[in-house]
Structures are given as C-alpha cells and as structure tokens.
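> As a plain string of letters, each chain reads:
2 protein chains.
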Amino acid sequence: MKSSKPFRGMKDVLPGEVERRNALLGILRSIYRSHGYLEIETPIVESLDILFGSGGGENEKLTYKLLKRGEKLDLDEATSVDDLVDGGLRFDLTVPLCRFYAENLHRLPKPFRSIQIGSSFRAERPQRGRYRQFTQADIDILGDATVLAEIELITASGHALHSIGINEFTVRINDRRAIDQILLKSGVDDHLLQTTMIALDKLDKVSPIQVVEEMQQRGLPIKIAEAVVDRLSQVSPHRVLDTLSDLGAEETTISSLQKIHQNCAHAIKGMKVVVDPLCVRGLGYYTSTVFEVSHALSPSSIAGGGRYDNMLSRFGLDIPACGISLGFDRILNTLEEMQLERPKGTKRIYIIFDQDIELENALAASREYRRAGYSVSLVSHRRGSRSPMKRLATEAEELKRQGSLDEFWFQTLSEDTEPRLLMH
Amino acid sequence: MKSSKPFRGMKDVLPGEVERRNALLGILRSIYRSHGYLEIETPIVESLDILFGSGGGENEKLTYKLLKRGEKLDLDEATSVDDLVDGGLRFDLTVPLCRFYAENLHRLPKPFRSIQIGSSFRAERPQRGRYRQFTQADIDILGDATVLAEIELITASGHALHSIGINEFTVRINDRRAIDQILLKSGVDDHLLQTTMIALDKLDKVSPIQVVEEMQQRGLPIKIAEAVVDRLSQVSPHRVLDTLSDLGAEETTISSLQKIHQNCAHAIKGMKVVVDPLCVRGLGYYTSTVFEVSHALSPSSIAGGGRYDNMLSRFGLDIPACGISLGFDRILNTLEEMQLERPKGTKRIYIIFDQDIELENALAASREYRRAGYSVSLVSHRRGSRSPMKRLATEAEELKRQGSLDEFWFQTLSEDTEPRLLMH
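For the record, the sequence lines run as chains A and B. Each residue of the first sequence is one higher than the last, beginning at 3 in the working numbering. Each residue of the second sequence is one higher than the last, beginning at 3 in the working numbering.
There could be a bad hint or two in this list.
Rough simulated footprint, nothing fancy, chain B against chain A, three-plus residues with beta-carbon under 8 Å [what the hints assert, rightly or not]:
id	stretch
1	40–50
2	149–159
3	310–324
4	360–366
No lab work stands behind these hints, which were simulated from the structure alone. Ideal Cβ placement from N, Cα and C applies to all residues, glycine included.
Hey, can you work out the whole structure from these sequences and the hints?
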C-alpha cells in the first residue's frame with residue numbers, strides 16, 4: 003500500500019480553498035486588465051540554460067531539474083549530473099517572461115504590459131505555510147525606461163490588493179542606485195557592493211551587530227561596515243529623501259524616488275507608500291527601483307518587485323523592464339487571518355431518489371433545479387431503507403465550514419405524492 | 003545570446019488565447035458546479051512510486067522525472083538512473099486524484115464528485131497542435147458503483163461542451179467486460195485479453211488486416227484474430243446491443259450499457275450517444291464502461307474516460323471510481339476550426355500625454371475611464387514630437403486580430419483645451 007501524502011513540500015487544495023482562490027484570481031485579472039495589462043502563459047519548464055543566465059547561484063540549488071529522456075540520457079558517459087539534465091521547473095515568472103517577450107515581441111504592443119499568473123517551484127526547506135509549489139501573480143512593463151512604469155505597477159497592484167480585500171498595507175520603495183552611491187561614498191569597494199547589499203537586506207530580521215558581523219565575513223573592513231549599518235538604520239522616516247541625499251545619493255536617483263512616491267502616495271485608499279533605505283530585495287537582477295509590500299498580519303512581504311533593465315540582454319535585446327509579483331498564497335493566508343466574512347458560495351439541492359424506479363424523474367428534476375441556479379447533487383437511495391439525510395447534513399456542514407457551500411436543501415421523490423422540498 | 007524558444011515541445015500562449023481559455027474554463031467550472039461537482043487542486047509533481055503504481059509501461063517512458071536534490075543526489079553511488087530521481091511531472095489527473103482522495107477522504111462528501119483542471123505532461127514526439135504540456139479538465143465520481151455515475155458524468159460533460167459552443171458531438175460508449183466476454187467466447191486466452199484489446203483499439207486508425215497482423219505478433223492464433231476482427235468490425239449500428247449479446251456479452255453488461263444509453267441519448271441538445279464495440283481506450287486501468295467524445299472537426303477525440311474501480315486499491319481503499327477528461331487544447335482547436343464569432347473582448351482607451359507636464363492629469367483621467375469600465379493604457383509622448391496614434395492603431399489592430407481587444411479610442415490631454423476623445 004502506497005502513502006497518499008503529497009510530494010514532499012507540496013500541497014493538496016480542498017474545494018473551499020479552490021473556490022476562494024479562483025474568485026480572487028478572477029478579481030485580480032479584471033483589475034489588471036482595466037489597467038491595460040494583457041495576460042500571457044508560459045510553460046512550467048524552461049531549459050536550464052535560460053533559467054541560470056548569469057551563473058545560477060542560490061536559485062540553482064533550489065531548482066527542480068528534469069532528467070533527460072530517451073537516447074539523450076546516458077549514465078555511463080555522464081561525468082557530472084549536469085550531463086543528465088536538460089530542463090528545470092521555473093523558480094519565478096520573470097525569467098520566463100523575458101524569454102517569452104524576446105520570442106514574441108513582434109506580436110506584442112510597445113511598451114508591453116503583461117499579466118502572468120501561475121505556479122513557481124523552489125525546493126526550499128519546508129516551513130509552515132510555505133510550499134515548494136506556490137502561486138505568483140505578476141505584472142510587468144517591458145519597454146518603458148521612465149518612472150511611469152513604477153507608478154503604474156504600484157498603482158495597479160495596490161488597486162488589485164484593495165479590490166480583493168487587503169485594505170491596509172504599506173509599499174516600501176527604494177532605489178539600489180541610492181544605496182550603491184551611499185556605499186561607495188562610505189568607502190565600500192566596488193566589487194563588494196552586491197555582497198554588502200545582501201547583508202543589508204537582513205537588517206529587518208537580525209540585529210545591526212549581526213549584520214556588521216556578516217559584512218565582515220563578506221570582506222568588508224569593520225569600520226566601514228559599522229558606519230554603513232549605523233547610517234542606514236537610523237534614517238528618520240520624516241526626511242528620508244533629504245537624508246539619503248546628505249549621505250551621498252545622487253540628485254537623479256532622489257528625484258526618481260520622489261516622483262514615484264508623490265504619484266502613488268494618495269492613489270489607492272488604504273495604501274501607504276514610504277521610501278525605506280533598508281528595502282533592498284534579495285535578488286541579484288534588480289538595477290534601480292525596488293519595492294516590497296507588507297501587511298500587519300503577514301510575517302513576510304505579500305508582494306515585491308523592481309526594475310531589471312539588464313535581463314533582456316540575455317536575449318540580445320536592449321529593453322528596460324520593471325515588474326511586481328504578488329505572493330498569492332501569502333495573500334490568501336493574510337485574508338484568512340483577517341477573518342473577513344466569506345463571499346456567498348453555492349446553494350445546493352440534494353435530490354434523494356430510488357435509482358431502480360425513479361432515475362428518470364430524478365434526472366429531470368435535477369435539470370429544473372440547475373436551470374433555476376442551484377447546484378444539484380443526486381443521491382441514490384433504496385426506498386424503505388434508512389434516510390441518508392442525517393449523513394448528508396453532516397457532510398454539507400463540513401463543506402460549509404470549508405467555504406464551498408452556503409445553503410442546502412433536500413428534495414425527495416415519491417410515487418404517491420408531489421415532490422417535496424425539505425428545507426434544512 | 004540565448005535562444006528564446008520555449009522548452010522543446012512546449013508552448014507560449016499569447017494574450018488573445020489566454021483570455022479565450024480563461025473565459026471557457028470559467029463556463030466549464032460553473033456548469034460542473036451546477037451538477038454538484040467540487041473543484042480540487044493537486045501538485046504538478048508526484049512521487050514516481052505513486053505515478054507508476056502498476057509497473058509503469060508506456061507512461062513511464064513519457065514521464066518527465068525530477069533529479070533528487072542536495073545530499074540525496076549521489077552520482078557515484080548510483081547504479082541506475084532510478085537512484086537519481088524521486089518525483090515526476092504528472093501524466094494525467096486521474097492518478098493524482100486517487101492519491102488526493104485517499105489522503106483527504108474524511109473531509110470529502112461520499113460519493114465525491116470532483117473537478118480538476120490543470121496541466122499534465124507527456125514527452126511524446128512533438129506534433130502540430132499537440133504539446134508536451136497540455137490542459138485537462140476532468141470530472142470524476144468516487145464512491146458510486148452504479149451506472150448513475152456514468153450517466154451523470156456523460157450528462158454533465160455534454161452540458162459543459164454544449165455551453166462552450168461545441169454543439170454537435172458524438173459520445174461513443176462501450177463496456178470492456180462485453181469485449182472481454184466476446185473475446186473469451188471467441189477462444190482468446192485469458193492472459194491475452196489486455197493485449198488483444200490494445201490491438202483492437204487501432205481498428206479506427208489502421209486497416210483490419212493490420213490489426214490482425216498486430217494480434218498475431220501479440221501471440222493470438224491467426225484464425226481467432228481474424229474471427230474477432232471480423233465480428234467486431236461488422237456490428238450494425240442499428241442493433242448493436244442485440245449483436246453484442248449474440249456474440250457472447252452477458253446480460254448484466256448489456257443492461258448496463260442500455261441504461262446509460264437510454265438516459266443520456268436525449269439529455270443534451272446536439273449530443274449523440276452511440277454504443278460502439280470498437281471504443282476500447284488505450285489505457286490499462288479501465289475496468290468496465292469506457293467512453294470517448296468525438297467531433298467532426300477534430301482529428302482525434304476531444305474527451306474520454308471510463309470506470310476504473312481498482313485504482314484506489316493502490317492506497318488500500320475499496321472504492322469504485324469513474325471519470326471523464328476533456329482535452330481542453332483540442333477543444334480550443336475545434337472551436338477555432340468552427341470559426342465562431344468570438345465573444346466581445348475589451349474596450350480600451352489609449353491616453354496620450356506628456357509625462358513631464360501632464361502625468362498627474364493622465365493618472366486622474368485613467369482612474370475615471372477605468373471606473374467607467376474601460377481598460378486604460380497610458381502612452382507617454384513628448385509634446386510636439388510625431389503623434390504615436392498611427393503606431394498605436396497598428397498595434398491595436400494586431401490585438402484585435404489576436405482576440406484580446408474589441409474597440410479602442412485615443413484620448414489626448416492638452417493644457418489649453420478640454421481633453422479630447424478621438425474615436426477610432
């Protein structure tokens with residue numbers, strides 16, 4: 003006998019949750035479409051060559067790789083596992099989007115505003131509420147080098163979050179160029195910028211002392227590490243832009259952040275927008291603006307993104323790009339935590355009948371009820387035996403609890419009397 | 003520079019097709035829900051142990067397998083590729099459904115009517131219009147041993163097909179037990195039943211002589227092979243059940259087919275239901291009823307299914323099961339062939355403005371138009387330079403052609419005059 007557990011780190015979704023997911027994704031789609039975005043789909047699998055454009059690094063360790071098939075697979079000749087694999091499950095939707103754009107650009111508008119909703123896969127250590135297959139809902143703008151892209155992306159995703167019931171949230175924005183400029187002014191060596199950034203990203207999770215230690219381990223002199231952490235962790239929220247400027251960020255960078263902030267700050271009810279020098283994002287591919295969306299009831303950010311102007315160059319294109327990805331599973335958890343009243347689900351009629359003598363009547367009745375907008379469940383039941391209503395009521399109450407049923411009734415058929423509709 | 007082609011045998015989906023797919027899947031979901039089915043989701047990945055419950059066979063060759071990760075992966079110790087892999091991409095939705103049911107049955111109604119919509123993966127030889135990642139929309143009934151399950155499944159999927167615009171189609175039904183009984187009466191050995199069935203399945207694709215040859219290769223004496231092909235390929239459509247009975251099918255089998263036929267034949271407008279002794283289905287797991295749905299404009303069947311009463315026993319459960327799977331990509335191709343008028347798409351306004359001086363006005367105008375139900379696309383354009391309208395019109399016409407846009411207008415902003423709405 004086999005285990006019925008899902009594959010390690012992955013998850014089965016019960017009916018109530020599937021309905022909730024589909025309803026919310028429907029709202030996201032319609033809001034994003036109203037902002038001029040068009041939805042695309044790309045395969046779950048990409049070649050490893052495309053997934054690891056610039057070396058792989060952390061992502062490569064977390065990626066599910068596919069064994070070659072047929073004659074291409076030769077264990078005896080393989081000198082390393084790289085010889086045995088050719089594809090991998092995508093770890094985000096951004097790399098596939100860039101490949102898609104390069105492949106189809108002559109059939110797409112310029113700039114191209116894309117929606118992509120689908121599963122990504124990362125073999126991270128399993129944790130409560132985090133799964134190795136997870137749903138992302140991304141929007142991106144390819145081909146707009148101006149801050150209009152950032153403004154549109156923050157506004158549209160804020161509108162979308164608000165529409166699905168996330169009504170108080172904070173968008174933290176920053177610009178990697180500002181941090182680079184400040185780090186350089188603080189005496190950080192050019193080749194240590196990226197690694198210092200990765201350490202800085204942890205300032206909201208661990209203590210400043212630990213961050214300084216990590217910077218030392220990454221090669222930064224302790225004096226400089228201390229100065230950097232000191233300066234950036236003590237910026238007053240009331241005069242962030244001025245302080246960044248004082249610390250060495252250049253005028254164009256400050257003006258870019260200011261324009262984004264100014265046009266987004268009052269755009270969506272319940273959306274707070276702040277410039278946060280400690281928002282740097284883990285990923286290597288961002289080139290300037292980065293943003294992250296947080297909610298009081300979510301332990302980690304519910305959305306994040308930024309500008310990645312160099313990624314299309316993998317495909318020989320010089321096209322600027324910017325995007326934001328909603329972590330749909332985390333958003334669902336957050337809505338769960340908010341304990342909102344759930345949207346009205348399904349009204350169901352259970353038709354109880356004896357299959358040997360009433361099949362055609364039951365099928366006819368089910369057609370009528372469906373036309374009237376009910377979900378109909380046929381229950382075959384031998385005349386004279388014990389009524390199934392009690393068992394069905396227990397089941398229906400469980401479905402109500404799971405959120406996939408709202409009201410239910412029983413309908414019995416009988417040879418002698420008119421059909422009876424029994425309200426529960 | 004990297005190639006931007008999708009992974010071998012897989013497919014990018016452009017915006018017009020994504021919208022069509024989503025609209026049709028929405029209709030399928032709502033029809034199936036009205037028939038009392040509940041939607042579930044299972045991971046894309048299953049352990050190989052679960053995928054190949056009974057030996058694997060043909061499916062195993064077509065399955066994408068996942069390399070183990072971390073310490074579990076050890077090339078030096080591996081004696082065969084089996085030591086290097088632990089999971090695989092699902093090749094259908096039926097095996098995952100059975101695992102899901104075994105894992106969650108205490109939280110599900112009995113019988114359980116499930117909807118599952120998602121991607122399956124098979125590394126078949128790439129062909130025009132057939133892809134290695136494809137969408138299936140399955141409904142199944144677990145826990146009903148009577149023909150009510152078959153009747154409900156055929157009626158619900160017929161209703162669903164009709165509702166998305168497939169208005170003339172044929173459901174061919176058969177019962178593997180009938181064929182088994184006839185083959186046994188014709189002198190076929192018990193252990194050759196399965197292999198003879200696989201050869202018989204090809205009678206609608208190749209000549210009777212070729213089928214006889216294949217049966218011989220599979221170990222059947224030529225006399226018996228000829229008799230079997232002769233008998234089954236010449237059943238008159240007007241008296242199929244009588245003929246099957248004459249040839250040796252047992253009364254309970256005939257009565258089961260009759261009851262299904264009788265209750266489905268007039269259930270859905272445009273749905274023809276016929277008993278076809280040559281409909282046997284390729285897969286090994288079917289135990290009695292099998293069905294296949296064909297359409298004049300589709301070269302291969304657009305749906306198929308049957309009863310698989312033994313599959314849950316892999317998980318120690320004695321539960322009868324029956325299901326039907328819509329080949330969603332083939333259905334989409336068929337609708338394309340039918341050249342129906344497409345559903346009304348999006349109305350879009352292009353707001354053309356100078357970002358340096360009109361950004362706030364443009365954002366405000368875009369909010370107004372969105373509230374009025376339009377999709378809004380912001381077009382930044384420097385005052386005094388050449389108008390982008392001609393380029394935008396070309397793009398919009400391409401989107402109309404792809405089916406993701408229906409009507410469009412241009413809106414210009416100006417300091418001096420009222421906003422002008424230019425109809426195209």
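> It remains to establish, for every hint, whether it holds in the given structure.
Right, here's what the structure says about each hint:
1. 40–50: holds (count 10)
2. 149–159: Since three or more residues must qualify, the claim that chain B covers the stretch 149–159 of chain A holds, with 4 doing so at under 8 Å.
3. 310–324: holds (count 3)
4. 360–366: holds (count 3)
The structure is consistent with each of the numbered hints, conforming to all of them.
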